[in-house]
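Q: Okay, here's what each chain looks like letter by letter:
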Amino acid sequence: MATIEIKNLKKVYPGAKEATIENANITIEDKEFVVLVGPSGCGKSTLLRMIAGLEEITDGEIAIDNVRMNELSPKDRDIAMVFQNYALYPHMSVFDNMAYSLKLRKVPKAEIKEIVENAAKILDITHLLDRKPKDMSGGQRQRVAIGRSIVRNPKIFLFDEPLSNLDANLRVHMRSEIKKLHKQLNATMVYVTHDQIEAMTMGDRIVVLKDGDVMQFDTPMNLFNNPTNKFVAGFIGSPSMNFIEGKIIEENGITFISKDLKFEVPEDLKPCLKEFIGKDVTFGFRPEYIYDKKYEKIKRLSRDMEITVDSIEPIGSESYIYFRFNGNPEHKFCFRSDSQQQYSVGDTFSIGVDINRLRFFDTTTEERIF
Amino acid sequence: MKFSSSKKEQRFWAYLFLGFPLLLMSVFVFFPIAFAFVVSFYDWNLLIPDKPFVGLGNYFELFKDEVFVKAVKNTIVYTMGVVPVQTMLSLFLAFIMNQKIVGIAFFRTAFYIPAVTSSVVTSIIFVWIYSKPGLLNYILDTVGIDSNIDWLTNPSTVLPAIMVLNIWTTSGYFMVSFLAGLQSIPTTLYEAAKIDGANQWRLFKDITVPMVRPVTYFVVVMSLIGCFQVFDQIFIMSSGGPDNSSTTMSYYVYQNSFKYFRFGLGAASAVILALLIFTVTAIQKKYLPPDYY
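In the order they appear, the protein sequences are chains A and B. Just so you know, our numbering puts the end of the first sequence at 371, numbered straight through with nothing missing. Just so you know, our numbering puts the end of the second sequence at 318, numbered straight through with nothing missing.
Hint data in this document are derived by calculation from the structure and do not stem from the laboratory. Predicted model only: the values in this text are computed from it and were never measured. Be a bit skeptical, because a hint or two may be false.
In silico lysine-lysine, PhoX-like type, Cα no more than 20 Å apart, as pairs [stated by the list, open to error]: (1) B:K76 to A:K104; (2) B:K157 to A:K76; (3) B:K230 to A:K133.
To give an idea of the chain B side of the interface with chain A (calculated C-beta under 7 Å), a few residues [unchecked claim]: (4) D175; (5) T213; (6) L214; (7) A217; (8) K219; (9) I220; (10) D221; (11) G222; (12) P235; (13) P239.
Just so you know, even glycine gets a beta-carbon here, dropped at the ideal spot from N, CA and C.
The whole structure should be built from the sequences, with the hints applied where relevant.
A: Here you go:
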């Protein structure tokens, strides 16, 4: 049982003019896998380090299982942390690295041996126990770092970008290993990454941070389909959401007009957009929800939008088609197409966007309207 | 100049650049070492034109000479006293200097100044401090300890007094080495250890000490060599006295070679000093290796 409650948390580094974390409120449930994600400098690592007790809290409170942690040192919080650079003790063998915390807690030697060997078995590193960190590969070191964290059976596991130093293949493999471990250990885990794919594939829920503010705390699919603002919409998803800045005008009911294109807003969206007549709005549509009108006959699509193909990036299973609307040749957009469908640069055809996936944002506040 | 391949050209220039310093080293370092070794087998006295070959005669004479035995003993005592204290003190100072304390730059400079001050100057100042009417006795009197001795003319205090001076003057230099070592330890190691449950003492013992081991190795080697070769402070402060109680091996070499002009005996004692340094350093390398991580 381990819940983490973060209330009105604030962090201002000495000498800094602006807060690194501003008024963060997050409640992490027991056994939940929560990912903190955001661009560099958004404060995600700072937030994790504050949970660990490695950074002082300027204001607010962190509680684990309803016990205030602010004044407790890291060793008294019953947490374990895996660092980006592994932070293995280079002068100790793998066994000693894993046994160190148990030795400090004066666990009997025989028991230490049993616990370490069990952990090593789970992570498949039994054959490495006598080695020093310098004699191992990045992936092996990462396993040892995870092993070091599990021997103590802590309430909470914290991961600070643990896969950043691994190559792409190993990263994908370790991603599933950590998820498997989460199920096996049944523990609360908080994981920091700047990689939104890592966040989407691993997290039960994701905290999206920007400039120290929590933008949205939600499940991966909700972040993808129902982002609360333009930042989350643009940050989650790869390739990211296409945006067009324009205006809502009263013409044939309600119409969106921009330099790129002009279209009548579908009936479903009219009630929401009515109050924005005459105001600046941003139209957002994901590359995944754009369809070639020629092939897609089932889905409810928006009215025809004429495009010209600008460039094509085939990635095997699918192709990224970069296109422009005929009104504005400067502005490029992307849609994901089945690689079976053959397009060429310069092709002109009509697309439609799934009406249920059309998104509009207030250009001034960047909050989602629909 | 034409070369048949670029490799040959590179080799030519490499040897040319190496050649000049190598020549200088040969004249001023390698030749004197070899020559001193040769001289140690001769009864080589500047005042006597005849220089007969005596084989190991000089070496036998040395071990019969009470002053030499005393010099070896003094050198060992001096080294055993200075090296551990100096190493621990400089590590401790570096540890303190590595903290975020107000005015740290001042303290760093203050501790480093003795290292850049001429040893002749510091020795002369300490001659006054250690004298009967000097600062040390004055301070001891002020705190209620009755001390009326001349620290440098008393056989039981002269060597410890010079040891203290040496520790003070060189700790600053080694402190900087340790400071560089400390600053290269990744902070995440300390953070990981804190999360693992280490307190301040365990952080120092389990992280700092092993992580600065390469620096410790360097400091101990340099300090050992410096102690075995100690000369200038002895020369200025006590001239090896009283009653040879501060005569060290280097001073013995100097005394025989340049006071009594017995170069053969001086060279033999220098060879023994070199062998001693070599042996101690080799033992240290074998049993306390630097362990680069």
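Q: Please work out if K76 of chain B and K104 of chain A have their alpha carbons no farther apart than 20 Å.
A: 68 Å, violated
Q: Given a cut of 7 Å on the nearest C-beta pair, is the interface hint for A217 of chain B held or broken against chain A?
A: With a minimum Cβ separation of about 4 Å from chain A (threshold 7 Å), the hint on A217 of chain B holds.
Q: Does the interface hint hold: is P235 of chain B within less than 7 Å of chain A, judged Cβ to Cβ?
A: Holds, about 4 Å.
Q: With a cut-off of 7 Å on the beta carbons, see whether L214 of chain B makes it to chain A.
A: 6 Å, holds
Q: Mind checking the CB of K219 of chain B against every CB in chain A and telling me if the closest is under 7 Å?
A: 5 Å, holds
Q: Holds or violated: is there a CB of chain A closer than 7 Å to the CB of G222 of chain B?
A: 4 Å, holds
Q: Can the restraint linking K230 of chain B and K133 of chain A be considered satisfied, given a maximum Cα separation of 20 Å?
A: 19 Å, holds
Q: With 7 Å as the cut and Cβ atoms as the points, is D175 of chain B at the interface with chain A?
A: 48 Å, violated
Q: Any CB of chain A closer than 7 Å to the CB of T213 of chain B?
A: 4 Å, holds
Q: Against chain A, is D221 of chain B within 7 Å by beta-carbon distance?
A: Nearest chain A Cβ about 4 Å off; hint holds.
Q: Would the hint linking K157 of chain B and K76 of chain A be met if the CA-CA limit is 20 Å?
A: 55 Å, violated
Q: Double-check I220 of chain B for me: the hint is only fine if its C-beta lies closer than 7 Å to a C-beta in chain A.
A: 5 Å, holds
Comparing the model with each earlier hint shows violations of hints 1, 2, 4, 13; every other hint is respected.
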